[in-house]
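Chemist: Mapping to this note's numbering: the sequence shown position 52 is 52, numbers consecutive.
Warning: the hint list may mix true and false statements.
Listed next, the in silico DSS-like pairs over lysine-lysine satisfying Cα-Cα at most 27 Å (straight line) [to be verified]: (1) Lys122 to Lys106; (2) Lys93 to Lys32; (3) Lys122 to Lys61; (4) Lys61 to Lys118.
Keep in mind that the hints were calculated from the coordinates and are not lab data.
Computed from a predicted model, the values in this text were never measured in an experiment.
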Amino acid sequence: MVNEDILEMFREILDEMKEYSNNGVPLIVEGKRDEASLRRIGFSGPIVTVSGARLHEIAEKSRGREVIVLTDFDEEGERLAETILSYRVENDKLTVYFRGKIRKLKAHVTPCVEGFAKLYFKAENTRRENVNLFEKANLELVT
Numbered sequence: 001m002v003n004e005d006i007l008e009m010f011r012e013i014l015d016e017m018k019e020y021s022n023n024g025v026p027l028i029v030e031g032k033r034d035e036a037s038l039r040r041i042g043f044s045g046p047i048v049t050v051s052g053a054r055l056h057e058i059a060e061k062s063r064g065r066e067v068i069v070l071t072d073f074d075e076e077g078e079r080l081a082e083t084i085l086s087y088r089v090e091n092d093k094l095t096v097y098f099r100g101k102i103r104k105l106k107a108h109v110t111p112c113v114e115g116f117a118k119l120y121f122k123a124e125n126t127r128r129e130n131v132n133l134f135e136k137a138n139l140e141l142v143t
């Protein structure tokens, strides 16, 4: 069971990342399920999947642009992220920033991007329930 505070931190990280994405910063993910998970959360910006693609081509096309490499946080995904970043010359501040934040929560949340939507909506529901309880408690105090 994931702690409510961890869920809330995870939701906030994804909301911040979503803002960058929806303002045009491309995300690089492993596969179509990862993309689908992010789309369900509301990511509307460009998302590039690396499955079946040549990594150096993706890196070349994104050269000079800020991107967020959001591969899974398992051993294979970490290796893939390192490979993509090795083809790029720029300092990928956003990738390092977001991967670092999610990596800190990795012991508590799924390491797979395709599972992010489930956790995100769980956090949203928990937040709504807490707000409803708070509002109900305030109404009872007022009356």
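Chemist: Take the hints in turn and mark each one as holding or not.
Modeler: Evaluated hints:
no.	hint	verdict
1	Lys122 to Lys106	holds (16 Å)
2	Lys93 to Lys32	holds (25 Å)
3	Lys122 to Lys61	violated (35 Å)
4	Lys61 to Lys118	violated (31 Å)
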